[in-house]
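One letter stands for each residue in the lines below.
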Amino acid sequence: MSTIALITDFGTVDGFVGTMKGVILSIAPQARIIDISHESAPQHTHHAAFVLWSSYKYFPENTIFVVVVDPGVGSDRRIILVEGDDGKKILAPENGILRFILPELKNPKMFHINNSKYWLTPLSSTFHGRDIFAPVAGHLLNGTHCEDLGVPIELPMPETPFKYIDASTKEKYGIILHADRFGNLITDIRPQFEHLDDIRHFSLEVSNRIIGPLKKTYADGEYGELVAIVGSSGLIEVAVRNSSAHQMLGLRIGDPVIIRSDGA
Amino acid sequence: MSTIALITDFGTVDGFVGTMKGVILSIAPQARIIDISHESAPQHTHHAAFVLWSSYKYFPENTIFVVVVDPGVGSDRRIILVEGDDGKKILAPENGILRFILPELKNPKMFHINNSKYWLTPLSSTFHGRDIFAPVAGHLLNGTHCEDLGVPIELPMPETPFKYIDASTKEKYGIILHADRFGNLITDIRPQFEHLDDIRHFSLEVSNRIIGPLKKTYADGEYGELVAIVGSSGLIEVAVRNSSAHQMLGLRIGDPVIIRSDGA
Amino acid sequence: MSTIALITDFGTVDGFVGTMKGVILSIAPQARIIDISHESAPQHTHHAAFVLWSSYKYFPENTIFVVVVDPGVGSDRRIILVEGDDGKKILAPENGILRFILPELKNPKMFHINNSKYWLTPLSSTFHGRDIFAPVAGHLLNGTHCEDLGVPIELPMPETPFKYIDASTKEKYGIILHADRFGNLITDIRPQFEHLDDIRHFSLEVSNRIIGPLKKTYADGEYGELVAIVGSSGLIEVAVRNSSAHQMLGLRIGDPVIIRSDGA
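Protein chains in written order, with the numbering used here: chain A, 1 to 264; chain U, 1 to 264; chain B, 1 to 264.
It is possible that some hints are incorrect.
It does not matter which identical chain is meant; a pair holds if it fits inside one copy or across any two.
[As the list claims (entries may be wrong)] In silico DSS-like pairs for lysine-lysine, Cα to Cα no more than 25 Å straight-line:
#1 Lys117 - Lys216
#2 Lys106 - Lys170
#3 Lys109 - Lys170
#4 Lys216 - Lys57
FYI, nobody ran anything at the bench for these hints, they're computed from the structure.
If we strip away everything but chain A, and leave its shape as in the complex, we get (with noise of 0.2 Å):
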């Protein structure tokens, strides 16, 4: 049983979503559809791209990962259809949107999704999502092989967003990538530790206050105490126990971040 994830910037009050689920279900009756977000803010890509990396590993074999954040739909943007080793797929536009998990794709192969056979007509100029993502998903769902939704291309893999740390590690820059709605500061701070204990060598930078050492979970801060840890998706992060540092802190997407090792 295939399982087809959703992750757009459609909201829940159109019916925009639900509309893709019934294209998705007229083709391929027993497709079972999740929904992992529909609330990236309106054609922003960055939201949508962390999603996808933090969840992608956690869906079952042959997934197939639909993600539509498409600001340039109805322009000559492309949409490609990456298949990993590990049998799961992602369908986007070629707008970024796949910046944080194709560095973790072992050989992905990547196709550019052109043939308007499988596609709805009348094709709108401002709802593929409808017209071609659901009904592409459906098909693929249904056993349809890639080769037969488009052509094979070759993308340059992009770098790995993050900053990889070891306990050797003395000091490196890096983000706030993103918010979530516990208000986390999560950075792009990635440690590859073999001891997680070697965490409390290290203190975080950030907005000029020194935070640390780090602590194993939130649980470990005092109440209202700003904390910094590994996170669930193995970054650190920045927290308050109980509360929102990302309110206490007032920091934005992209603000800087030093991680600093005290050197014992």
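Start from chain A and add chains U and B according to the hints.
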């Protein structure tokens, strides 16, 4: 495998929709339940009427649409079941919520749902979504006949809410019908052209501005430029590339628009 | 076919819920996953406790409820599994979130979920919804015994949070327990009458106003009139026909109410 598609004003905070799904699955465990929208403004039927119309045709055969925006719950308003000749069914309160979709259906059969044998007991006076709509939808999906769930009635068919134009139209008055998440302002003007290129002979007057000639897609506009296009529902809409026409123009549902041919 | 029903404070923006579903489907592809609410205010258990209570009985036999509002994540708070004699199960942190539903269950069996063999590795300290709750729910649905997932425990049963009244009640003090999307203010007063008509012998005092006698439905009030009725959860609530009592009265959760019989 049959689909039940939900449109309500219940929001997603209180668990009303989840409770309806619990009732449906208790009766029809095989149901595939799809959310279209639960974010109609509380007790305003206009939004739900538009969303039902714009999504209807994209759902599979035999879909049962359940529409619960029901300011008259507990009064003597009737619950109506409509069966189209496409096998789809719509269950909704009799409050005008069907006025967009009914004129599109050919020879719909209509029923007044009044057989309380199929309802939950005790019947609340305030949550018929749970106590009547959900169980009736479940039984419909299980194959119970419309005639068992209620009695046939005849309702006057409403006039189409749309203003049709074709290549020979000189001038037509319309209104703003809907504003979507992206700030696109959707009018009630519905072109029926043999050649979509004919759209370029028209311009739209809205809020004392002339927007024209009509374009094919958002992407044909400059950034920040107002454009009028034929949107994904087949209606003329006002948009701004990568921005919000709604915010720029400050228009409201019901505000007037005029479309004019350039006489070419 | 077994159902997993989710209540969290994860919102729908970050993809947390979608990720949990990915984990569940990876383990139990046959799961039918229903969202009850993901919009509990972050880390406040009261709302989730109410929503769980009000939806519980409408779900099919064998439903597994997964409740993740978990301000103590990463601390030594326990995760509890409750099995009712109706075959339904509830998985939740031990933080009072079960205080509304537990008194309704007959002879519930309880377990402390502590067998990490069934959890994801590496185990994060901040997202147990993904790493513990989701996989445990998947294994439960696959038939793994509660005894394998944890150890039996006995917890004190909380007192009912409700104030019961019957036809002989003269006066009873209660509170506002919940405000729903429509602005209805739901109290903790729970009538148990043989004849619902007896409700007309009562009136409610709230915020120095007397609202009474109680009515049967919103629609029995004039537009703009405050009415008190027995709501869909069987609790007395304050409502305004087609408007918001919450907005009109400005009351908060916990504010006092008094119900009085007219002595007739």
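Quick rundown of the hints versus the structure:
Within a single copy, Lys117 and Lys216 get their C-alpha atoms only as close as 53 Å, which misses the 25 Å cut-off; across copies the closest is 21 Å, which meets it. In this assembly of identical chains, Lys106 and Lys170 lie within 25 Å of each other by CA distance neither inside one copy nor across copies; the values are 30 Å within and 59 Å between. Taking the closest pair of Cα atoms, Lys109 and Lys170 never come within 25 Å of each other, the shortest separation being 37 Å inside a single copy and 52 Å across copies. In this assembly of identical chains, the alpha carbons of Lys216 and Lys57 lie at most 25 Å apart only when taken from the same copy (23 Å versus 39 Å across copies).
Hint compliance for this structure: hints 2, 3 are broken, all remaining hints hold.
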